[in-house]
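A.B. asks: Here is how the chains run, residue by residue.
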Amino acid sequence: MTTILITGGARSGKSKRAETRTRAFPGQPVYIATAEALDGEMEERIARHRARRGSDWIEREVPLDLVPALLATDGGGARLVDCLTLWLSNLMHAERDWEHEVNALAGALPRLKSPAVLVTNEVGLGIVPDNALARSFRDAAGIMNQIIADVADEVEFVVAGLPMKLK
Amino acid sequence: MTTILITGGARSGKSKRAETRTRAFPGQPVYIATAEALDGEMEERIARHRARRGSDWIEREVPLDLVPALLATDGGGARLVDCLTLWLSNLMHAERDWEHEVNALAGALPRLKSPAVLVTNEVGLGIVPDNALARSFRDAAGIMNQIIADVADEVEFVVAGLPMKLK
Amino acid sequence: MTTILITGGARSGKSKRAETRTRAFPGQPVYIATAEALDGEMEERIARHRARRGSDWIEREVPLDLVPALLATDGGGARLVDCLTLWLSNLMHAERDWEHEVNALAGALPRLKSPAVLVTNEVGLGIVPDNALARSFRDAAGIMNQIIADVADEVEFVVAGLPMKLK
Chain A
1 MTTILITGGA RSGKSKRAET RTRAFPGQPV YIATAEALDG EMEERIARHR
51 ARRGSDWIER EVPLDLVPAL LATDGGGARL VDCLTLWLSN LMHAERDWEH
101 EVNALAGALP RLKSPAVLVT NEVGLGIVPD NALARSFRDA AGIMNQIIAD
151 VADEVEFVVA GLPMKLK
Chain L
1 MTTILITGGA RSGKSKRAET RTRAFPGQPV YIATAEALDG EMEERIARHR
51 ARRGSDWIER EVPLDLVPAL LATDGGGARL VDCLTLWLSN LMHAERDWEH
101 EVNALAGALP RLKSPAVLVT NEVGLGIVPD NALARSFRDA AGIMNQIIAD
151 VADEVEFVVA GLPMKLK
Chain U
1 MTTILITGGA RSGKSKRAET RTRAFPGQPV YIATAEALDG EMEERIARHR
51 ARRGSDWIER EVPLDLVPAL LATDGGGARL VDCLTLWLSN LMHAERDWEH
101 EVNALAGALP RLKSPAVLVT NEVGLGIVPD NALARSFRDA AGIMNQIIAD
151 VADEVEFVVA GLPMKLK
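Residue numbers (UniProt numbering), protein chains in the order written: chain A, 1 to 167; chain L, 1 to 167; chain U, 1 to 167.
Zero decoy hints are in this set.
A pair holds if it fits inside one copy or across any two, identical chains being indistinguishable in the list.
Subject to a maximum C-alpha distance of 25 Å in a straight line, what follows is the list of computed BS3-like cross-link-like pairs (lysine-lysine):
1) Lys16 / Lys113
2) Lys167 / Lys16
3) Lys113 / Lys165
4) Lys165 / Lys16
5) Lys167 / Lys113
Since the hints were derived computationally from the structure, they do not count as laboratory data.
Just so it is clear, the structure is predicted and the values come from calculations on it, not from any experiment.
Same shape as in the complex, but just chain A (with noise of 0.2 Å):
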């Protein structure tokens, strides 16, 4: 079924865009939130995010297991998922294999019978950062944005709340 991905800067309007692609697709659509309340400033954008969408989603936190949850929850409305970069730097973070994690999910997307609209971050057109983990990060990122525009069915880039489609 179909794949979307969302790309854009930090606050882009890359969310919103992605909830108005979700809600498009008839079903009950399903939010996989891949952030963890962790802090003051996340639970303050994760609840911001909520009031946003509205109450008829189906809300799943998960940091790290993406695709059982994609499986888990395939076969009713679209999902949405907020976001892979996040995804990734729990990846990371839990010292999985990443580029393992990421190839997996993008073998699995092409077969899942409902759509999904991923999300994610360009984080790579700024200044080169000065410690070397932040750009293992961002390296990490493009390449992971690489992997999954190359098999979604549609990309598109949000700048200032506008989409530009890539794809």
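Starting from the known structure of chain A, fit chains L and U onto it as the hints suggest.
C.D. replies: Chains L and U in isolation, oriented as in the chain A frame:
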């Protein structure tokens, strides 16, 4: 009247593009600078922009009170505001309620008689900044860009001096 | 002859896209690397790019003297220069007059007989860097990209491996 938002990265050619769009309207163009010449780096930049524009512009230096400045110059030629990101930064430093000010601008723009060409920056496409202040600023800048893009008649994203039409 | 500029963020798929565009021209392709294998991180990256390209490329390592290298390899297959941002960084470290060198490149490109495909980076879409050197570099990179884009026949902006046509 027409509102045009020109967004892009640092040294992407946004200002030059905005000058071209502003000059295309009839009447004497008005340059509204949100920058103040507080240091040598900024002074030199202001002088370079002025040399490029030429001397036929009306010039206003408006670090904070942008809506009053747009109303005071309304009815004549098109206004170029360069740039909203610096205005936002000035508002935050002056401890003004930036969300209120941005929404007031969004409310005022559609009621202006003369065109307004607004320059802004994309600052959210790099790695997450270490310090909380920088994170707050890039969040605010992204939110502002979405709000202004929503009321703008046209939005362009400039990369390497070349505009992409977003709206 | 044809000049193609391929821009984008880190790990956006720029190099791969540039290889595809270079191979589409007749003749043996020439790879002009501006990187020197100064550390392990860079060595590994160079090796990975080489493995992907295959062994049928003529290879040149040109950290500084890009215009002479383009003239010396002119008349044969297309040249891939990877990348201009690193070349700019090399020029600045060697205390060469980068503006003079960039303008010399812009002057030479339209007079070449064989195509040139040039890779560059967008580095100005993050938060303003704290240190003055990083700010100078991102300013220089933005100015260089505008100058080269202006003389290029085609310009593409690559996001998540997918090219957007800017020119």
